[in-house]
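Visitor: Sequence:
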Amino acid sequence: MLDHIDLARLREVLDGPWATVRNAHREHLDERFLPVYGETGDQARERITRLLTELPVELGMASAFPTEYGGSSDVGGSIIASEMLAQVDLSLMVKAGVQWGLFGGAVAALGTRRHHDAYLRDIISGTIFGCFAMTETGHGSDVQQLRTTCTYDPQTQTFDLHTPHEAARKDYIGNAARDGRMAVVFAQLITNGQRHGVHALLVPIRDAQGHPLPGVSIGDAGPKAGLLGVDNGRLSFDHVTVPRDMLLDRYGQVAPDGTYSSPIENDSRRFFTMLGTLVRGRVSVGGAASAATKSALTIAVRYGDIRRQFGTPDAGREVLLNDYLAHQRKLLPALATTYALHFAQAELVAALNEVQGGDGPVDEHRQRELESRAAGLKAAQTWHATRTIQMCREACGGAGYLAENRLPSLKADTDVFTTFEGDNTVLLQLVAKGLLTGYRDEFGSLDGWGRASFVAEQVREMVLERTAARSLIERLISAVPGRDDEVAVTDRGWQLKVFEDRERHLLDGAVRRLRNGAAAKASHPFDIFNDVQDHVLAVAAAHIDRITLEAFVAGIEDTADPAVRALLSRVCDLYALSVIETNKGWFLEHGRLTPARSKAITSVVNGLLKELRPHLRTLVDGFAVPDTWLHCAILREEPGRQDAMTAHDAAGDWQVVPA
12 MLDHIDLARL REVLDGPWAT VRNAHREHLD ERFLPVYGET GDQARERITR LLTELPVELG
72 MASAFPTEYG GSSDVGGSII ASEMLAQVDL SLMVKAGVQW GLFGGAVAAL GTRRHHDAYL
132 RDIISGTIFG CFAMTETGHG SDVQQLRTTC TYDPQTQTFD LHTPHEAARK DYIGNAARDG
192 RMAVVFAQLI TNGQRHGVHA LLVPIRDAQG HPLPGVSIGD AGPKAGLLGV DNGRLSFDHV
252 TVPRDMLLDR YGQVAPDGTY SSPIENDSRR FFTMLGTLVR GRVSVGGAAS AATKSALTIA
312 VRYGDIRRQF GTPDAGREVL LNDYLAHQRK LLPALATTYA LHFAQAELVA ALNEVQGGDG
372 PVDEHRQREL ESRAAGLKAA QTWHATRTIQ MCREACGGAG YLAENRLPSL KADTDVFTTF
432 EGDNTVLLQL VAKGLLTGYR DEFGSLDGWG RASFVAEQVR EMVLERTAAR SLIERLISAV
492 PGRDDEVAVT DRGWQLKVFE DRERHLLDGA VRRLRNGAAA KASHPFDIFN DVQDHVLAVA
552 AAHIDRITLE AFVAGIEDTA DPAVRALLSR VCDLYALSVI ETNKGWFLEH GRLTPARSKA
612 ITSVVNGLLK ELRPHLRTLV DGFAVPDTWL HCAILREEPG RQDAMTAHDA AGDWQVVPA
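Residue numbers (this note's numbering): 12 to 670.
Among the hints, a few may not be true.
Listed next, with one range per pair, are the computed distances between beta-carbon atoms [stated by the list, open to error]:
# : residue 1 : residue 2 : range
1 : Asp-334   : Glu-177   : 56 to 66 Å
2 : Asp-569   : Ser-83    : 35 to 45 Å
3 : Asp-128   : Asp-14    : 49 to 59 Å
Restricting the straight-line Cα-Cα distance to at most 30 Å, the calculated cross-link-like pairs of lysine-lysine (DSS-like) are [as the list claims (entries may be wrong)]:
#  : residue 1 : residue 2
4  : Lys-610   : Lys-621
5  : Lys-595   : Lys-341
6  : Lys-508   : Lys-621
7  : Lys-595   : Lys-610
8  : Lys-595   : Lys-621
9  : Lys-610   : Lys-508
10 : Lys-341   : Lys-532
11 : Lys-341   : Lys-610
12 : Lys-621   : Lys-341
13 : Lys-621   : Lys-532
These aren't lab readings, by the way, just hints derived from the structure by calculation. Even for Gly, the Cβ is constructed at its ideal location relative to N, Cα and C.
Construct the entire structure; sequences and hints are all you get.
Guide: So this is what it looks like as structure tokens:
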């Protein structure tokens with residue numbers, strides 16, 4: 012039996028090292044910043060733009076920027092700020108992310124001192140609104156093949172920025188349709204007749220009156236399913252002249268005579284190094300998706316604790332939704348996964364802050380590991396958000412379909428998260444590539460499955476790298492007895508071992524299939540990888556499951572309060588066993604579970620649901636989402652509904668109280 016939980020202690024664990032950032036948002040963001048249900052797209056855009064300039068400085072939205080320009084060099088704090096803003100209004104979060112994360116972040120990461128001195132202060136203050144113009148109509152995930160060109164002319168010492176055809180148009184660009192005055196534009200750099208790959212330029216797109224500059228065509232992306240307050244647009248360039256010093260040239264310089272130089276000679280490695288500096292956007296998207304999921308679960312759980320349906324012969328009251336096993340089966344495994352992903356995200360943010368928050372050189376191996384982790388967790392978090400928010404909507408019945416109860420906007424606003432900052436399927440392939448020696452050394456990221464020059468025999472073995480608490484994980488696994496069927500399924504070492512074994516087996520199989528494909532289809536490199544793509548995606552998913560479990564285990568180890576630690580341990584059991592239960596087919600097919608043990612896992616999961624039911628409200632209250640932020644009509648009615656139900660019950664009236 013779990014002890015009573017001190018909610019303050021649970022919140023301390025979840026708030027983590029950036030608790031002051033979280034509390035600043037809870038204190039300063041009031042009703043003015045909440046979504047307005049039923050507004051038009053134009054109204055939403057006007058409101059969000061105004062609110063962006065009114066965000067209190069205490070929130071630290073621009074904290075990742077260097078201190079000398081008005082930031083605080085706190086990369087981790089900026090991610091947490093983004094998560095908190097996502098719980099208030101996702102349009103506001105995305106708009107802020109475009110301005111300070113993507114646009115400002117690109118100027119800071121890819122520019123040099125002259126760019127920083129000229130623009131960062133105005134970007135931080137919101138004096139200059141900007142865009143991040145990477146994605147093209149014809150190329151979204153395959154960024155290396157962008158078609159926009161910037162051709163240098165030594166006679167004028169300027170670049171000619173050009174959109175050669177419709178598919179090269181910059182598309183879905185945040186801040187472009189209405190507010191952007193400048194854009195970081197990614198284009199193929201050409202000088203002295205030679206291509207040097209994709210580089211970024213800082214390009215003015217509107218004049219002081221908001222009119223497009225000569226040669227710049229700006230359009231609106233049109234109505235969207237969600238994020239109405241974000242002005243997504245389209246940009247095209249008809250031989251626009253850009254001065255040489257507007258090239259963001261930290262990684263590639265063009266001399267007045269057109270001579271190109273770079274501290275990184277290899278074009279591919281240079282490109283992926285540039286993209287790696289922008290990984291913060293991907294980490295923010297994953298964190299924001301999890302933040303929205305927490306809001307949805309809080310609404311559904313709290314509603315399930317007041318909504319009653321159907322009676323029983325031995326009771327004088329109808330049954331609370333949360334007392335039904337079927338309802339617990341919906342909410343609690345999703346809540347356990349949300350907790351697991353919270354700890355994985357916290358570990359990722361800490362790693363990002365360590366890798367990118369200092370002034371020294373970045374360790375390339377750690378940077379690659381960070382990129383892979385960010386890609387995989389972004390995919391896991393956004394897919395989990397899509398599934399869970401839909402489930403929460405259904406769990407609230409017809410009430411969940413009403414705009415006034417927040418769930419429809421959470422569903423609509425997060426849906427695109429599975430796509431932007433990298434399509435999830437492509438990102439999982441990136442994760443899998445990072446696990447293969449040879450392939451990992453040869454390639455960077457986001458370049459599809461390979462070039463003809465790659466020889467699949469280079470895939471020699473797998474890499475299984477631990478995340479947090481390496482010694483703890485190894486100790487727990489090594490303590491597991493030899494016979495799995497003699498170990499309780501709640502044994503933490505056994506759970507860790509099972510997750511690791513699944514990943515290892517899948518990856519070994521992928522390596523074997525790649526080698527066999529190389530022998531049989533040496534002249535068809537695309538087919539070699541395409542034939543194992545399903546296997547590769549399974550590898551990546553198993554890897555993310557494993558590092559998520561390890562992060563959860565490490566988080567529990569760092570929890571000092573015994574009662575909170577015990578509660579988190581049971582939630583971790585539910586997460587681990589839910590993953591195993593979901594993948595029973597694989598475990599049974601590969602002899603990792605007997606039928607009897609498989610049935611036992613389902614029985615244990617059901618037992619965990621009953622054990623955790625009394626703590627269901629505590630678990631969502633641990634997220635500390637302010638009532639105001641939930642912005643949900645059915646929760647504002649909680650006291651009245653409860654009183655009404657009590658009155659009905661006392662009168663012996665079995666009429667169902669309307670939702």
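Visitor: Compare the structure with each hint and give your call.
Guide: The hints, checked one at a time:
1. A C-beta distance of roughly 57 Å is found between Asp-334 and Glu-177, which places it inside the suggested range of 56 to 66 Å.
2. Distance hint for Asp-569 and Ser-83: a CB-CB separation of about 25 Å, inconsistent with the stated range 35 to 45 Å.
3. Checked against the given bound of 49 to 59 Å, the beta carbons of Asp-128 and Asp-14, roughly 57 Å apart, stay inside it.
4. For a cut-off of 30 Å, the pair hint linking Lys-610 to Lys-621 stands: about 17 Å separates their Cα positions.
5. Between the alpha carbons of Lys-595 and Lys-341 the distance comes to roughly 18 Å, so the proposed pair stays at or under 30 Å and holds.
6. As the CA atoms of Lys-508 and Lys-621 are separated by approximately 26 Å, the hinted pair is consistent with the 30 Å bound.
7. About 10 Å separates the Cα atoms of Lys-595 and Lys-610, which keeps this hinted pair within 30 Å; it holds.
8. Taking the CA atoms of Lys-595 and Lys-621, the gap is near 22 Å; set against the 30 Å cutoff, the hint holds.
9. For the hint linking Lys-610 to Lys-508, the alpha-carbon distance of about 19 Å falls within 30 Å, and the restraint holds.
10. Taking the CA atoms of Lys-341 and Lys-532, the gap is near 46 Å; set against the 30 Å cutoff, the hint is violated.
11. The hinted pair formed by Lys-341 and Lys-610 meets the criterion: a straight-line CA distance of about 19 Å does not exceed 30 Å.
12. Of the supplied pair hints, the one linking Lys-621 and Lys-341 holds, its CA atoms being roughly 13 Å apart against a limit of 30 Å.
13. Using a Cα cut-off of 30 Å, the hinted pair Lys-621 and Lys-532 is violated, with the two alpha carbons roughly 54 Å apart.
Violated hints for the displayed structure, listed by number in ascending order: 2, 10, 13.
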